[in-house]
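**Student:** Chain by chain, the residues run as shown.
Number of protein chains: 2
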Amino acid sequence: MSTIRDVSKEAGLSIATVSRALSAPEKVTPESLKKVHDAIELLQYRPNMLSQKFRNKQANAIVILVPDIANLFFAKVISGIESVAQKKGFSVLLGDTRDSKALEKQYINLVETRQADGIIQLRPYSENDSLLPIARVPAVNASGCENTPYPTVRIDNVGAAKEVVKYLISLGHKRIGVITGLQRNPHTIDRLKGYKQALAEANIAFDQSLLAEGDFTLWSGLQASEHFSRMSDIPTALFCMNDEMAIGAMKGLKSKGLRLPQDISITGFDDLDVSRYCDPPLTTVAQPAEKIGERSADLLFQLLDEQQPTQTEYVLPIEFIIRQSTAPPRA
Amino acid sequence: MSTIRDVSKEAGLSIATVSRALSAPEKVTPESLKKVHDAIELLQYRPNMLSQKFRNKQANAIVILVPDIANLFFAKVISGIESVAQKKGFSVLLGDTRDSKALEKQYINLVETRQADGIIQLRPYSENDSLLPIARVPAVNASGCENTPYPTVRIDNVGAAKEVVKYLISLGHKRIGVITGLQRNPHTIDRLKGYKQALAEANIAFDQSLLAEGDFTLWSGLQASEHFSRMSDIPTALFCMNDEMAIGAMKGLKSKGLRLPQDISITGFDDLDVSRYCDPPLTTVAQPAEKIGERSADLLFQLLDEQQPTQTEYVLPIEFIIRQSTAPPRA
DNA sequence: ACATCTTGAGTAACCGGTTACATTTAACGT
DNA sequence: ACGTTAAATGTAACCGGTTACTCAAGATGT
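Protein sequence lines correspond, in order, to chains G and V.
Read left to right, the first sequence gives residues 774 to 1104 (our numbering).
Read left to right, the second sequence gives residues 774 to 1104 (our numbering).
Partial list, computed: chain G residues near chain V (C-beta under 7 Å): (1) K849; (2) S864; (3) E885; (4) Q888; (5) I1020; (6) D1046; (7) D1052.
Since the hints were made in silico from the structure, they are not lab data.
Since the structure is predicted, the reported quantities are computational estimates derived from the model, not experimental observations.
Ideal Cβ placement from N, Cα and C applies to all residues, glycine included.
Given only the sequences and the hints, what does the whole structure look like? Please build it.
**Tutor:** Here is the structure:
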């Protein structure tokens, strides 16, 4: 592999001139420029970016901490981040943390050892459970909830959940079951808050027995649905905290002979691509996943450029999508 | 940020000793070791990996070229790759190429400029359409087809498709429609080959009008299904080249009043998580996605270690999963 | 007691770029 | 013609580690 010194020798110029020809061509005469380019061509020279990064003390890379990469919502956020990083000439290091703290620590390490310049965290922040924020590690949370103590891009989970439940109430539903995520999960907490607010505003008493815990997977949705189908007084609607659980629950309910949405309405959260294609198509909340990614990346780059960010919290609008999985309860 | 020289000063030892204390502690007396560790502790020293990489001419990173990151199959492969890279202490750079050659070139560049050591390509190889292989860029194809001219980990697409179609034939189907991927896609080509072989072995004539082209998306499956539902002589079974198109097609067929599987059987390919949960659950082919990722990474690391790889092509076994979307045709 | 070997530690070159500073060359004004 | 200034180029230090080589000191053998 040829180096800049080889090029300078070949071109009959100094290494400084070669370096300048590449990074600041206007400071070099056209003749020299040509010599340099010819030499580069001849030697098939490619600058060693490792040495450049080393010298510039900039890795030009950011890390994304993903709890689970095989999750479509995350995939879209990542996509958004990537497209911004792309333009900035940054590479994206993907950290699939599989919900392991140890792995997460390792990836944060990359920043501390200067292999990356900043971090975007896709796991919601929760106290006593978060490695971030850490001093000297520029970080943005891109899947945040209320009260995240470092820069965040998020949706209004409380408001979105409230909107969904209010809609169900407006259809005439009074007994509305919930399939939650894990109890401690901040998204669960926020969305449950929205659910309760909607009930309260309609003067419907909160009933603990209408809650079933899941873990955001298809399987857990199926499981949780049995809690409801076994009830003597089955709820007339089911608010699921994500689409995957909703789809799992739909299967569970159908297998018990319940008709959707006549016997029971069901709603999701996330608007996966498949949700439009299931039977019946799912009423759900669309998060602007790509936008969240883009905005998070923008924010991180502001941090890296040491501009004082104009704003450290962005709440992006959601879209409530009504499809055929919801209907008024039977009379 | 403190450097190794700060540590050496603090510990009253030379930088060489400090370096050795970290990379080869057995070459240093316990007393020196302690001094070094104390100094590191005191100064909160973290070695600068950029300079290490620079010096060692090893980026300790690999690039994954993903056509579309929001695809569950890829996500699983990536997961497999990551877990192996993890153990080797390598980082994974994710290159979402969004089917753009220019982006792909950029990521390959990372290896040429020594920011990464090797590449795993998730797009199937096809002649005149591939940037890889490139001399001096260690690469593995992890989504290959037959005749990939560089190291590959793949499944037997021809055989798998043949198995599916033979099964349909064994149920009594004779008119079997196909929803393909894009015509030029190597997976499409291989799977179509398997379809034709199965027909030939059963002495069923190949009928071009039973082919509808999709592009592996839900939407295209829905579209393509109309080609069949409009036919006067609707096929009794539909072989879809992936699960997403199968799910899209299911929706399309149902909306025309066709009952699944009584009126028409349908099969997919990939075994997405949702495929078990759709209505009816989808008969499909499971690829060992994580395994493919792991094996690909192993292979790449062999290449990087300049061991002569024992094998440069791995064909992993698939699993044919029969669920309720397939049944004998009506009499 | 002296030569030889072993082990731990130090010195300094090196990796391949960038860039502050010095030097050369050309252009210009009077 | 000569001094002044600007532009182009060259020289060499530097980034922060690694490691070949050197050296000193203690252990071992005869």
